[in-house]
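Let chain A serve as the given structure and place chains B and C on it in line with the hints.
Residue numbers (this note's numbering), protein chains in the order written: chain A, 159 to 460; chain B, 74 to 311; chain C, 6 to 249.
Note that these hints are calculated values from the structure, not bench results. Treat each hint with caution, since some may be false.
[To be verified] Derived pair list, reagent style DSSO-like, types lysine-lysine, alpha-carbon separation capped at 30 angstroms:
(1) A:Lys358 with C:Lys161
(2) A:Lys358 with A:Lys293
(3) B:Lys143 with A:Lys358
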Amino acid sequence: MHIPDGFLSTPVWATLDAAAAPAVAYIARRAQRGFEEATVPLLGVLGAFVFAAQMINFPVGPGTTGHLVGGALLAVTLGPAAAGVVMTAILAIQALVFQDGGILALGANAINMAVLGVLAGYLPFRLWGGTGWRKFSIFAGGALSVVVSAVLALSELMLSGVRIPGSLLGVSLALFVVSAILEGAITLAVVEALERIQPKAVRQALPSRSPVLAVVSLAAVLLASVGFLFASAAPDGIQKLGQQSGISSQIRTLIHTPLAEYQAAFLQWGMLGKPAAALAGVALIYGACLLLGRAAARKRSI
Amino acid sequence: MRPLIEVRGLRFRYEDGTAALNGVDFRLEPGETVALLGANGSGKTTFVHHLNGLLTGQGSVEICGLPVEKKHLPAIRRKVGLVFQDSDSQLFMPTVLEDVAFGLLNLGMERPTATARAQAALETVGMAAASARAPYHLSAGEKKRVAIAGILAMEPEILVLDEPTTFLDPPGQRSLAELLIHLPQAKILVTHNIPFALTLCNRAVFFAAGQVAAEGSVEEIVARFEWDFALERSKSRL
Amino acid sequence: MHHVVVDQWSRGSSPVHRTDARAKLVALLVFLIALATAARALPLFAGALFLMLVAGLAWARIPVAGALARAALVLPFTAVFAVICWLAGDPARGVSLVLKSYLSALAVLLVVSTTPLPALLRGFGMTGVPRFLLEVGQFLYRYLFVISEEAQHMTKAAAARGASVRQWIGQGQRFRAAAGALAVLFARSYTRAEDVHQAMLARGFDGHIPMLAVSRFRGSDAVFAIAASLAPLALRLAAERLMP
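So here's chain A without its partners, still in its complex pose (with noise of 0.2 angstroms):
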């Protein structure tokens, strides 16, 4: 889901940006270091594959179709650092060419889709990709590819305000689950006929070093995209805080004076504090973990 520009509050899309830019630049400097010089030529033009492979239609049912949208087939294939560099170019231009998602919303659009997406995409098949759950790792890398850039795009939006009341919001999710599902699907059945004509492109899996940290990169991703759905969910009950507090009475007579914007749009990032923090704590304990395992690996190889 591309998230087009006006939809996300200030606060929201600012931070996401703040947070793209380094992990961005992270992921193309892994990229660069993986593959020597072919890598350019080659993500460019797999990244015009994606284009183009969204034009390919797969019967879902009587009538409707769906297509692939590609972050766990590139993860697979190329690995996550290079599958997340694609995925940001094909972003950009999405944006750009086809007004398919907005610019200032390109930092949150390129975490959900082109860092945690891609990530949620890789780590079940760097997990048992190796083993006799090839297949279903694979499948499993496509459906949470979707799940978790769904997720945390529809909270994004909360948190920024859209109000979408339960109902509508379990039927959102149920289609998250429908095209996970279908995501899975096609993940796995290119890939399998891909190793039938071009074995060399799919990457062997490697055999787990340190399984731990593939582990728990896994959860974290999950517990991050879940745990910020929850939270931002809650603004309604932040709300009724506000209420109780007799702040918003205040908040009324700010917005008469010319910088009542930026103090409200402050306000409203103070409220924001819990879910911000949970955010931020996930992101420590994620860092912290990221750290751990590269110091057990280093161990471990000695």
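Below, chains B and C alone, put in the same frame as chain A:
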């Protein structure tokens, strides 16, 4: 006079073990235009990729006296200009001018000089007006000319064209032939297009199963291997 | 293909086309931020911005109706959320979504239809976007049309052999056939990328993609950047003053 290209006993196997070249000997003298004929999969394209070091096999390949080794590759890739069959894979830059200038900039040329040389190369092929256009807007014939311009800009001594008439209509093939006739470099044409080969080439080499099966004039090779589309001949054998 | 139209527009000539990509990007970002952070007097502000963009399109000699229609592609998605907001008792937000998303799309379209994409990507380099990413974007755009054409050929070939999604029977087989088609397209794309790399090597590629174009930022570009950035800010102040 030293031959421009001298190949002795070239052997090459793909990663999966299939033998692509089984001992090829080949010479190219200055001023020659040689046709490489043979069935699909007989090793023609694999062979020409050894001439600029994109592939390396066993045996010896010398370009203007330089053996094809890593340290000579930059010089060799200047001397041997390879025009690929699919122009879309060859014109990879956003505009025509940038693409033609690509090789020159890689050689370390300054931008103004590279721009001027690229512009001159485009004039040679008659595509000077297209310098700011994007490659995918061009017709197949125009793309082929631009690809050739990109090679000519590097002032090669040898032009190698891999199935150049594949996407061209007859007028396009005629223009290409006219262009090539006027270029002074020695040329190797990998082709299935016999009339084209007859027009341009003074010699033909026939590949089969990764080896040179025969050499001679184009007419001789065509007659010997029945290498053209002539229903009368096959009818007479029915 | 849709993007071909925008590509054609971007190769036109007008004062806007001739302006440096970086100046246009600066103006675009100011515009988008001014719009995104606006909450009061929105309809008036939006109307003023709309007129500003239409004037820009006319000045750039871009077909105005065509551009307005293209930007409207964002509306179906937005309309769904607008309805949701309206049903949830927040119609003001629904209106805000529609206005903001449409105008943002139109503003982006104005910039993209007056700047060839490779130049635009280079302009993004000034914002610190990794060059590697921009190069991938450049190649992606270059081969977008080529690969899409291949995909179209494949779907046409499949249709010619009777593949129709409306039938019940053989869904599983059709699914596998579509997956097979995608795998073939992937393999061909992969091979093409290798061919491109070979072609690059054959002309001396050493890992760094050289840049031919050197864009100079002129005085007129600075004037454009400043004027085009101040305009939405001035319009917003005026709108908020007129409709407190």
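Legend entry - Enumerated hints in conflict with the structure, sorted upward: Structure breaks no hint.
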